[in-house]
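The task is simple: from the sequences and hints, build the whole structure.
One-letter residues, chain by chain:
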Amino acid sequence: MFGYSMADIGNIVVMQGFSGLSLFSVLLLMALGLAIIFGQMGVINMAHGEFMTIGAYTTVFLSKLAVKYDIVNYYFVFAIIAAFIVAFIIGYLVEFVLIRHLYKRPLDTLLATWGLSLVMQQIFRSTFGAKEVSAELPQWLLGAFQPTPDIEIPINGVFVMGLAAVVTFGVFLFMFRSRWGLNVRATVQNRVMAGAVGINTKKVDRVTFALGCGIAGVAGAAFTTIASTGPTTGSLYIVDSFMVVVFGGAASLMGTIASAFGIAQAQSILQFFMTSSMGKVSTLLVIVIILMMKPEGLFAAKVRK
Amino acid sequence: MNTFTNKLLGGKQGAIGLAVLAAIILVILPLGLDPFRIGMVGKYLTYAFVAVSLVMLWGYGGILSLGQGIFFGLGGYCMAMFLKLEASDPISTKIQTTPGIPDFMDWNQITALPLFWQPFHSFTLTLLAVVLVPTLFAYIIGFAMFKRRVGGVYFAIITQAIALILSILIIGQQGYTGGVNGITDLRTLLGWDIRTDHAKYILYYINAFLLIAVILVSRYILSSKFGMLLLAMRDKEERVRFSGYDVSNFKIFIFCFAALISALGGAMFTLQVGFMSPSFIGIVPSIEMVIFAAVGGRMSLIGAVYGALLVNYGKSVFSETYPELWLYLMGGLFIAVVMFFPNGLAGIYTDLMKKFQSRKTKVAPAPAPVVAAETTEAAVSTEPAGAKA
Numbered sequence: 001m002f003g004y005s006m007a008d009i010g011n012i013v014v015m016q017g018f019s020g021l022s023l024f025s026v027l028l029l030m031a032l033g034l035a036i037i038f039g040q041m042g043v044i045n046m047a048h049g050e051f052m053t054i055g056a057y058t059t060v061f062l063s064k065l066a067v068k069y070d071i072v073n074y075y076f077v078f079a080i081i082a083a084f085i086v087a088f089i090i091g092y093l094v095e096f097v098l099i100r101h102l103y104k105r106p107l108d109t110l111l112a113t114w115g116l117s118l119v120m121q122q123i124f125r126s127t128f129g130a131k132e133v134s135a136e137l138p139q140w141l142l143g144a145f146q147p148t149p150d151i152e153i154p155i156n157g158v159f160v161m162g163l164a165a166v167v168t169f170g171v172f173l174f175m176f177r178s179r180w181g182l183n184v185r186a187t188v189q190n191r192v193m194a195g196a197v198g199i200n201t202k203k204v205d206r207v208t209f210a211l212g213c214g215i216a217g218v219a220g221a222a223f224t225t226i227a228s229t230g231p232t233t234g235s236l237y238i239v240d241s242f243m244v245v246v247f248g249g250a251a252s253l254m255g256t257i258a259s260a261f262g263i264a265q266a267q268s269i270l271q272f273f274m275t276s277s278m279g280k281v282s283t284l285l286v287i288v289i290i291l292m293m294k295p296e297g298l299f300a301a302k303v304r305k
Numbered sequence: 001m002n003t004f005t006n007k008l009l010g011g012k013q014g015a016i017g018l019a020v021l022a023a024i025i026l027v028i029l030p031l032g033l034d035p036f037r038i039g040m041v042g043k044y045l046t047y048a049f050v051a052v053s054l055v056m057l058w059g060y061g062g063i064l065s066l067g068q069g070i071f072f073g074l075g076g077y078c079m080a081m082f083l084k085l086e087a088s089d090p091i092s093t094k095i096q097t098t099p100g101i102p103d104f105m106d107w108n109q110i111t112a113l114p115l116f117w118q119p120f121h122s123f124t125l126t127l128l129a130v131v132l133v134p135t136l137f138a139y140i141i142g143f144a145m146f147k148r149r150v151g152g153v154y155f156a157i158i159t160q161a162i163a164l165i166l167s168i169l170i171i172g173q174q175g176y177t178g179g180v181n182g183i184t185d186l187r188t189l190l191g192w193d194i195r196t197d198h199a200k201y202i203l204y205y206i207n208a209f210l211l212i213a214v215i216l217v218s219r220y221i222l223s224s225k226f227g228m229l230l231l232a233m234r235d236k237e238e239r240v241r242f243s244g245y246d247v248s249n250f251k252i253f254i255f256c257f258a259a260l261i262s263a264l265g266g267a268m269f270t271l272q273v274g275f276m277s278p279s280f281i282g283i284v285p286s287i288e289m290v291i292f293a294a295v296g297g298r299m300s301l302i303g304a305v306y307g308a309l310l311v312n313y314g315k316s317v318f319s320e321t322y323p324e325l326w327l328y329l330m331g332g333l334f335i336a337v338v339m340f341f342p343n344g345l346a347g348i349y350t351d352l353m354k355k356f357q358s359r360k361t362k363v364a365p366a367p368a369p370v371v372a373a374e375t376t377e378a379a380v381s382t383e384p385a386g387a388k389a
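So the protein sequences, as listed, match chains A and B.
With the first letter of the first sequence counted as 1, position 240 gets the number 240 in the working numbering; the numbers rise by one all the way through.
With the first letter of the second sequence counted as 1, position 211 gets the number 211 in the working numbering; the numbers rise by one all the way through.
Since the hints were made in silico from the structure, they are not lab data.
Please note: incorrect hints may appear among the correct ones.
To be verified - Taking lysine-lysine pairs in the PhoX-like style, the calculated list, with each CA pair at most 20 Å apart, reads:
1) B:Lys147 <-> B:Lys43
2) A:Lys294 <-> B:Lys354
3) A:Lys104 <-> B:Lys236
4) A:Lys104 <-> A:Lys202
5) B:Lys225 <-> B:Lys7
6) B:Lys12 <-> B:Lys354
So this is what it looks like as C-alpha cells:
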C-alpha cells in the first residue's frame, strides 16, 4: 500500500494515532461543554469556540506572567483552573444577558451566538493582536519518549489526554452523582415539574451554560500545549465539535467520547494517507451520510418521542 | 383584480410594495449610479435571490438552512464552468502544454478535460445544469433528512457541515475546480463580451427582472393553499401531519424551490461579477446570507431584497474604511435582529404603519371590529418562526 512496508504502516498508524489522540482530547473537551449545553438545554452555542479561545488566551497571559516571576514549571495547573474560571464567569454573564431570553427560539439562539462569536473574535484581535501567540510551556511538558526506536510519542499529547480523562470523569461525577447534576437532568426532562418540586430551573440553566463554557476554557488551556492561539482558533473547531455532539447522540456522555475518538482518529490517520483536505472531507462526509441514515446519532437516549 | 393577479401581487399592499421596489431597482438606481456602482448593486441583488429563498424556507417554512451558499455556489459554478470553457478555446490558450483546457487545469498538470466538465460546452445543457444540479442536490439532502423527520437545529448544523465539506472539497481539488481562487478570468457569453459597461447594464436588467419574477412566483406560492400549509407546518407540524398531509414532501419541495432560487442568484452573480470562488459557499457566507433575510424581515419577500442591499452596502462601506468596526457591527446586527427586531425592517415598517393607522382611527373613530380583525390577521402572518415553537 502506497510503497510502505507493513512495519512502516504499523508505526505510522501508532504515531498518527497518537497525534489523533491529542486532537481527540481537544475535541472531547470542546464537545463535552457543547454536549452539556446542547444536549441538556437544547441551546446551540455557536460562540463555543470563542470560549475555548478565551481559555487559551488566559493560559498564554498567565504564562507570560510566569516567565516574569520565573515559575514556569508550576503555573500550568493554575492556568487550567484560571481558564475554567474566566470562561465560566463570561459564560454566566452571556447566559444572563443573551441566552436566557431565547430558550424558546433555538434557531434564533444560533444566530445570536454567531453574532456573539464575531464580536468576541474582533475583541480578541483588538486586544491580543491578529498574530498567533503561544504559551511558554513548562519543561516537563516538552520532549517525547520513545518506546521503540521508530515511534515517538510527545509528552504534551499524553498530558492533554490525561487532562481530558480527568475532566470527563469530573463531568460524569457532576452530572450523574451530584445533587446539581440531578437538578440539571430533572430540569431537562420536565422543566415545569422540576420547578414544581422546588428546583430553581433558571439558576440551573445559568450554571449549566456557564459550566459548559468553563469546560471549553479548559479545552483552550489544553490547546495551548499543542498549537498556538489566534483570534479565530476557536471557530476552526466549532463545526467539528458540533459534529461530535450530534454524531454521538446528544445527551449521551458515552456517545460523545466514542464519536470524538472516531472523528479525531479518522481525520488524523486519513490525513496521512490522503491530502489533509481530502482526509477532512471524507471524514465529514461519512459522518453526514451516517447522520442522514441515523439522525439520532450513535448512542441515542432511548426515549419515546 | 381577479384572483390570479391578486395572488400574484399579494393584494393592494403587496402591489404597492412591489411597485416601489421595482421603481427603485429598475429606474432610480440605474439612473443615479455610474456603471461601476451599478455592477455592485447588481452583485447585491444576486444575494437578494438567496435572501428571498430564505424568507420562503426559514420565515414561512421554519426550516433554517445554513447551507444556502451551497446552492448559490453550485449555480454560480455551473455558469462559470461554461464561461471558462468558452474563454479557454484552443487559440487563446495555445501557449499551454495542453491547449483548449482551462488554465488552472494546465497549471495542475491535467492533460484532458475531466468528464464532468464536458456538458458545459453546451449553453443549453449549462442552463439546465444551473437549474437542475442544485435542485437535485437539495432533493437528495431534503429527502434524506425530512423523511426521517430531522428538523430544527439538527438540520441547520448538518447543512452547515455540508457547506463546509463542499468548500473544502473545492479548495482541495485545485486541478478540477480552480481551488481557492475559484474560476476566474471569464470574458464572453456566446461571443458577447460581458465586461463592457453596456453589457453590465443589460445583465443588471436581466437580473432585476428575474428577481421580480422570482418574488412574484414566491408570492403566488405563499398565497396558495401550499403557503397556508407551510405556515401551519411551521407552527404545529404534528397537527398538519395528523390531518393527513405528508409534511416531509412539502418540506422537500420548499427546500428544492429555495435551492433553485439561490442557484439563479449564483448564476447571475457569475455573469455580472465575472468569477466564482469557494468563498461564497462555506460556513461564513452561508450564515451571512441568513442575516440578509433577517435584517429585511424574515416574513417579507420584498424586505429581504432591501435587507440584502443594505447589509452588503454597509459591508462594503465599513469594511473598506473601518475594517475593525465592521465585525462588531455585523455581530451586533445578528444579536439585535434576533433580540429586538425579529421581523426586521419589514416588521418595523408594519409597526409604524399600525401606529399611524391607530392614530387616524382615534381622530375619526372608524368601525373598530374591522381594524381589530385586520391587525390580528397581520399579527398572525408576521409572527417569527420561533416565537410559538
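Hints and how they fare:
Annotation: proposed proximity of Lys147 of chain B to Lys43 of chain B is violated, straight-line Cα distance about 36 Å (limit 20 Å). About 48 Å separates the Cα atoms of Lys294 of chain A and Lys354 of chain B, which puts this hinted pair outside 20 Å; it is violated. Among the hinted pairs, Lys104 of chain A with Lys236 of chain B is consistent with the structure: their alpha-carbon atoms are about 15 Å apart, no more than 20 Å. Taking the CA atoms of Lys104 of chain A and Lys202 of chain A, the gap is near 13 Å; set against the 20 Å cutoff, the hint holds.
At most 20 Å may separate the alpha-carbon atoms for a hinted pair to count; Lys225 of chain B and Lys7 of chain B meet this at roughly 11 Å. Proximity of Lys12 of chain B to Lys354 of chain B is assessed by CA-CA distance (about 16 Å); at most 20 Å being required, the pair is judged to hold.
In this structure, the earlier hints numbered 1, 2 are contradicted, and the remaining ones agree with it.
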